[in-house]
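So the chains spell out like this:
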Amino acid sequence: MSSVAAEARRPVAVRRRGGSLSLGISMGYLSLIVLLPLAAVVWRSTEAGAAGFWAAVSAPQAVAALQLTVAVAFGVVAVNAVMGTAIAWVLVRDSFRGKSLVNAVIDLPFALPTIVAGLTLLALYGPRSPVGIDLAYTKLAVLLALLFVTLPFVVRTVQPVLLELDRDMEEAAASLGAGRAEVFRRIVFPNLLPAILSGSALAFARAIGEFGAVVLISGNVPFDTEVASVYIFGLIESDDLTGAAAVSVLLLAVSFAVLILIGALRRWATRHDS
Amino acid sequence: MTRVALLLSVLLVAALAAAGRAALHAADEELTLVAYSTPRETYGELVRLFAGTPAGRDVAFGESYGSSGEQSRAVVGGLPADVVAFSLAPDMTRLVDAGLVAEDWADGRHAGMVTHSVVVLVVRAGNPKRIRGWDDLVRPDVEVLTPNPFSSGGARWNVMAAYGAKREEGASHEEAVAFLEALFRNVSVQDKSARESLQTFAGGKGDVLIAYENEAILARDKGEPLEYVLPERTILIENPVAVTAESEHRAKAEAFVRFLRSAPAQRVFADAGYRPVLRSVAREAAFETPAGLFTIEDVGGWDEVQERFFDRETGIMADVQRRIGESR
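Quick mapping for you: the protein sequence lines, in order, are chains A and B. All letters in the first sequence, in the order written, are residues 0 to 273 by numbering that gives the first Met the number 0. All letters in the second sequence, in the order written, are residues 0 to 327 by numbering that gives the first Met the number 0.
Don't take every hint at face value.
Covered stretches of chain B, going by a simulated chain A footprint (3 or more residues, C-beta under 8 Å) [to be verified]:
id, segment
1, 150 to 158
2, 184 to 190
3, 201 to 213
4, 317 to 324
No more than 20 Å apart at the CA atoms, straight line, and that leaves these computed lysine to aspartate or glutamate pairs for EDC-like [stated by the list, open to error]:
id, chain 1, residue 1, chain 2, residue 2
5, A, Lys98, A, Glu163
6, B, Lys128, B, Glu226
7, B, Lys128, B, Asp140
8, A, Lys138, B, Glu142
9, A, Lys138, B, Glu325
10, B, Lys251, B, Glu29
Please keep in mind that the hints were generated in silico from the structure rather than gathered at the bench. Glycine included, C-beta positions come from ideal geometry on N, C-alpha and C.
Same shape as in the complex, but just chain A (with noise of 0.2 Å):
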């Protein structure tokens, strides 16, 4: 994730000619592990037709599952943003005790099973809360789960950006008569900014697609919590693969237009950067 970030801050990359070899590797690999299940997935999507495809995604219950699906994620995004920026901001450049045991435990979302996550997130924030807060079978226990998954994404693409954020910047506006709000919107916002959007796009493809983590915790009821990626564990059970691998061509094209978008808005804020 960190090259990413790098990738942003060093917008001439240097290009070597050759390796042919390591070239033809990485496409075979990336063919076998990335490319070929999703040409076959498309393929599959496609085997009932234009007519076949439409209606699968068009199905009421579909297209319910894939708004409330989209519109969480952007939530996701929208939270992510600003709470992945403030915890990294405070790994970075805040001391205190037990900072590098925060920092350790930042990237736990990762490594808990997402089924484990929401049966976790059910036992903490379901009927029987020992917090006393009951959300669990509603839209925002959607976005509450999703938020927990994604959390690493835009912490994990800023703290590097920060680390190596050249602080002298900083101190030369504050001397020149800069308020820390200005300093932060006009210094250290916009060498952020890239890494932001980075760990946006990758927490939105994520929360597109989650199944583990909303499955226990959403209820599922279709038309209301019911989402997209349950929606299409629902028509797989109906042995209807077609319209599953149609429903989930739809959740890809989404996130492909997204991480497009994003990317854009990522190069043109590094322009604007340098």
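On the provided structure of chain A, position chain B as indicated by the hints.
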């Protein structure tokens, strides 16, 4: 550098292939049981018991458990299996259609089944909402849980139990479907499997859980503060088992299935809360038989029910969910 890496990876692949072949060779000697996950502990015990019988000596077992539909699809997808056990017949039909189980699997004395159960209404200890039967589930003050019938094959038993109970009472098809709609309006959580639904209920959500009797018995025996109501009219759940057509250990696999239907094995099932298919053990176990017990055949049989109720686009339940969704 790259050549060393290449050489290493070639060696690694060769090593993996050799290990894979060794594992496959070991598997030659054993029966693979692919089953749905609810009776997991029970099958574990039965496998041990089978080893103590003359037919079961020297038979090793590989066991795979998962949701019934997933297991069935996995076998169609190539998961090797000698014996398959599912929670409902359509998962077996899928294997018949794929040529993996003989067409006549349901012939014979127990019609291909190994255990029975019934659909019951699980309530909180003391039955605070005074649930007596299906009609109570559509009361405005009652919150109902059931797994989603589209993601849980087993939940289809629940839907057909409610529908069939109404029909047995003399309701028309339309009235029974209207009842299903009223019932699902009261459903607040539709988990993806029966087991998860039970966990949600145990976690404090809902007033009534529609579930299988064996699951209710298991939960109660584990000390969950719940009890269950046997409705006057409900459906008989039938769980199929079969030997696969391409089993390389057919004689042993058939011996195991015969063992599953023998008195000692049926007693183990009965102790775990299942209704035995073997009459003599069923009499010993003394499960209460509801007056209005009906079977899936009484509501049209699985082939008809699957298409009429559970087709994703045109099925009656798809319509019901859609109408409820539109009014939300």
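Results of checking the hints against the structure:
no. : hint                   : verdict
1   : 150 to 158             : holds (count 3)
2   : 184 to 190             : holds (count 5)
3   : 201 to 213             : holds (count 3)
4   : 317 to 324             : holds (count 5)
5   : A/Lys98 with A/Glu163  : holds (19 Å)
6   : B/Lys128 with B/Glu226 : holds (12 Å)
7   : B/Lys128 with B/Asp140 : holds (9 Å)
8   : A/Lys138 with B/Glu142 : holds (19 Å)
9   : A/Lys138 with B/Glu325 : holds (17 Å)
10  : B/Lys251 with B/Glu29  : holds (9 Å)
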